[in-house]
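> Listed in order, the protein sequences are those of chains A and B.
So in the numbering used here, spot 372 of the first sequence is number 372, and the numbers just go up one at a time.
So in the numbering used here, spot 25 of the second sequence is number 1025, and the numbers just go up one at a time.
Any given hint could turn out to be false.
Subject to a maximum C-alpha distance of 25 Å in a straight line, what follows is the list of computed DMTMM-like cross-link-like pairs (lysine to aspartate or glutamate) [what the hints assert, rightly or not]:
#, chain 1, residue 1, chain 2, residue 2
1, A, K158, A, D239
2, B, K1221, B, E1416
3, B, K1158, B, E1203
4, B, K1428, A, E415
5, A, K428, B, D1257
6, B, K1293, A, E156
7, B, K1428, A, D371
8, A, K428, B, E1096
9, A, K293, A, E240
10, A, K158, A, E240
11, A, K293, B, E1086
12, B, K1232, B, D1257
13, A, K158, A, E139
14, B, K1221, B, E1380
15, A, K428, B, D1371
16, B, K1428, B, E1416
17, B, K1428, A, E19
18, B, K1158, B, D1257
Hints are computed from structural coordinates only; laboratory data are not their basis.
Protein chains: 2
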Amino acid sequence: MEHDLYGEGPLLIRDVRLESGTVDIFVDDSGTIAAVGDGVGRMARSEADRVIEGNGAIALPGFVNTHTHAAMTLFRGYAEDMPLQEWLSERIWPVEAHITPEDIYWGTKLACAEMIRAGTVAFSDMYFFMQDAARAVAEMGLCAVLSYGFIDLFSEEKREAECRNTEAFVRSIRNMGNPLIKPAVGPHAVYTVSREGLSWCAEYSARLGIGIHTHLCETEKEVRDAVAQWGKRPVQILDECGILTPRTVAAHCCWLDRDECALLARRGVHVAYNPVSNMKLATGRALPYHWLKEEGASVTLGTDGCASNNSLDLLTDMKFAALLQKFAWNSPTILPAGEALSMATSAGARALGFGNGTIAPGEPADIILIDSRAVCNTPEHSVTSNLVYSCSGSVVLTTICHGRVLMHNRVIPGEEEILREASRAARKLVERTAEERGPPHFPPDV
Amino acid sequence: MEHDLYGEGPLLIRDVRLESGTVDIFVDDSGTIAAVGDGVGRMARSEADRVIEGNGAIALPGFVNTHTHAAMTLFRGYAEDMPLQEWLSERIWPVEAHITPEDIYWGTKLACAEMIRAGTVAFSDMYFFMQDAARAVAEMGLCAVLSYGFIDLFSEEKREAECRNTEAFVRSIRNMGNPLIKPAVGPHAVYTVSREGLSWCAEYSARLGIGIHTHLCETEKEVRDAVAQWGKRPVQILDECGILTPRTVAAHCCWLDRDECALLARRGVHVAYNPVSNMKLATGRALPYHWLKEEGASVTLGTDGCASNNSLDLLTDMKFAALLQKFAWNSPTILPAGEALSMATSAGARALGFGNGTIAPGEPADIILIDSRAVCNTPEHSVTSNLVYSCSGSVVLTTICHGRVLMHNRVIPGEEEILREASRAARKLVERTAEERGPPHFPPDV
């Protein structure tokens, strides 16, 4: 039985704990939850090709990471604790200039392994060579919304090229015919994309009914520059270009004012809160969560890329999410644990269009099993509080995405090769960059 | 060989990586590092009763947690996201009123297991029933500085009792004759201890040459109230009473001004920075690390108790430490990864008087082994950055304290019983508290 666990067919998950008590979960051939309940195991046993014995593990909907740049795992730890401009121009841009499709493939596989390990089943990614990212995601079995980062730098020629790149990318994803991988358009931000570019993205995405992934109000400078240059704040610019829709994920949103929170709520935009990245890059202000909540906006959770996090562990980031709000807005009661968990499950799943992020019949079987006997879950006054404030991603035993078992008892098939090849790709990339730049000035520090 | 690993005798740790390269480490019968180097294994093999094969794991000095209340692990997740006064009076104080020495014993054992799992080898604890805490620590094999929380609430009668309690506690620890467990005096804070109480603690600790563990400038209210009531800020009060010494650990220090940072540096006080607790309880200001660093003060790292963290994982807290500084002081370059790691190793070890927190001949063998093949350590542009920004405590494979192996390949002997008994103690404690208070209003939320 164990041998076929990572394969196909109906799946029975026995003896796991939900809020409602101990249950069995039956997943049908299509990866959809068919039944959840006490007696399900006895009835479904004969139908199941695969059985997971939960042994009292806690079952949760898998986590959803609504903002990352997956392949940047290759840059994990490459450049730290530097001023933003120096970090970009001296370190990140030079290596990005040397990155190959093969690097993107291995970097994305590494990111997927890391996400699976920490219970993430779906993510929203923006980067380049995204066909190669898609190939990696498909092999790993995760759900993803992928977008090609559209950056025209206010040049008409570049804009035309970016439109064609976006169309080619979207076509290639649609041609894959993988229901777990969806394309989105990725207009990078108001300071890198012209109005015409933003409008094209909005119209194209509306025509195809696909998502939009963008950055918004990350820094005060972004807001100040927009006002100085165009007399308008970034939210107004995006809104005038049609970018703010219920299919849109807007990352960061640290510098929204109250009216902008209300507008995002009215437009149905999904905000991706990235607490770790915001702290690491010193954005100077935390997401105005209280306003967004009061206005009824959808708030989801993102890690951002590994160059500004440097991990893809949403359990750790839930703790950062809740604690940054308390510190920044001077309130120990803001963003309680349960809301942090919802951000990373139900809100995220709905934002990306992968079900409702709950364990119920008819939902996709995006389920993770949590070690209830770990130190971080002891004692058990509150499972939710333990998960958000005490545990990290290592408490995840099993990760299931649309019925496919991606990790069981902390084993991900093929992980060793991924670590080896991603390491090699990262090392070669840095060597190539160094050769062109003269003597290397970046010895690893240990 | 594996069978005796947790026992006594000279220990050889083979094939581990230090900054200087791959080495073997030989630990003598007394738990002291006798030799570190390339050929050590061949020479020492016959002398070693125990051998650990490192297989290329990264060796680090064990972590040191300079401020916690260990037994509060029993309250993990018991009360969250509440205003401070309500949290204390409605939730924490009622259960603390029912706590027994046996609870303290199991709570401290649970804390020790959690610390061992995350690579912590030494800690500074302040709570009550500390003889029972000491018994737990001794069994678990960690190094600790233990203090009885001295709180006289400005009553002469209570003060006399607290002096006697402190003396009895110190005597009992000294009678244990365990070189890994040291007593300290624990004057709680300026707002809970009279001047006479503070002065007594200072004189008593000086006479015996033992440490002092106190809270200082955690909240703005503490500073404001002190100025309103006594016309002096807390640092001046502690200094006048003789509390600020090179044997002193002062926890929190969020609201220090620049002159106070200079004074703490001159006095040789060790500051315990508690970033997670400060964020969770919304202290409103982060430690002024830049001033302390410029003045040359010793800054160490603490988790605080599980009721305000809720974990004892110093690797996660190093990330919080570095990122909170960047966010709060609006600088992406403040507190780089290497400084966060030093806080939790060398600075902490020196603060508590357990060696220098380095892996070198003559130092106590407080060594942890890190899984270099984990996702969080891939790729390896910087080991330090990966540890601080990417890994959590689960990356620790092996924890060795003064030559005693406390965990190997993530196995802690007896852990299952500790989890079971601590769970039981926590449940019973809540039940006892509920019985007295009428119908319970705290069903676990899952």
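> Give a verdict on every hint.
Hint check results:
For the hint pairing K158 (chain A) with D239 (chain A), the CA-to-CA distance comes to about 23 Å; that is within 25 Å, so the pair holds. Under the criterion of a C-alpha separation no larger than 25 Å, the hint pairing K1221 (chain B) with E1416 (chain B) is inconsistent with the structure, at around 43 Å. A hinted pair counts as satisfied when its Cα atoms are at most 25 Å apart, and K1158 (chain B) with E1203 (chain B) qualifies at roughly 18 Å. Among the hinted pairs, K1428 (chain B) with E415 (chain A) is inconsistent with the structure: their alpha-carbon atoms are about 43 Å apart, more than 25 Å.
Distance restraint check for K428 (chain A) and D1257 (chain B): the Cα-Cα separation of roughly 48 Å exceeds the 25 Å cut-off, and the hinted pair is therefore not satisfied. Using a Cα cut-off of 25 Å, the hinted pair K1293 (chain B) and E156 (chain A) is violated, with the two alpha carbons roughly 50 Å apart. Pair hint K1428 (chain B) plus D371 (chain A) holds up; C-alpha atoms about 23 Å apart against a cutoff of 25 Å. In summary, the hint linking K428 (chain A) to E1096 (chain B) is not supported, as the alpha carbons are separated by about 57 Å, beyond the 25 Å threshold.
Our distance criterion of 25 Å between C-alpha atoms is met by K293 (chain A) and E240 (chain A), whose separation comes to about 24 Å. Only pairs whose Cα atoms come within 25 Å are accepted, and K158 (chain A) paired with E240 (chain A) is accepted, the gap being roughly 22 Å. Between K293 (chain A) and E1086 (chain B) the CA atoms are separated by roughly 24 Å; this keeps the pair inside 25 Å, and the hint holds. Between the alpha carbons of K1232 (chain B) and D1257 (chain B) the distance comes to roughly 13 Å, so the proposed pair stays at or under 25 Å and holds.
Restraint check for K158 (chain A) and E139 (chain A): the C-alpha separation of about 32 Å exceeds 25 Å, so the hint is violated. The hinted pair formed by K1221 (chain B) and E1380 (chain B) fails the criterion: a straight-line CA distance of about 45 Å is larger than 25 Å. With a C-alpha separation of about 23 Å, the suggested pair K428 (chain A) and D1371 (chain B) falls inside the 25 Å cut-off, and the hint holds. Pair hint K1428 (chain B) plus E1416 (chain B) holds up; C-alpha atoms about 18 Å apart against a cutoff of 25 Å.
Pair hint K1428 (chain B) plus E19 (chain A) holds up; C-alpha atoms about 22 Å apart against a cutoff of 25 Å. For a cut-off of 25 Å, the pair hint linking K1158 (chain B) to D1257 (chain B) is broken: about 32 Å separates their Cα positions.
Checked against the numbered hints given earlier, the structure breaks hints 2, 4, 5, 6, 8, 13, 14, 18 and satisfies all the rest.
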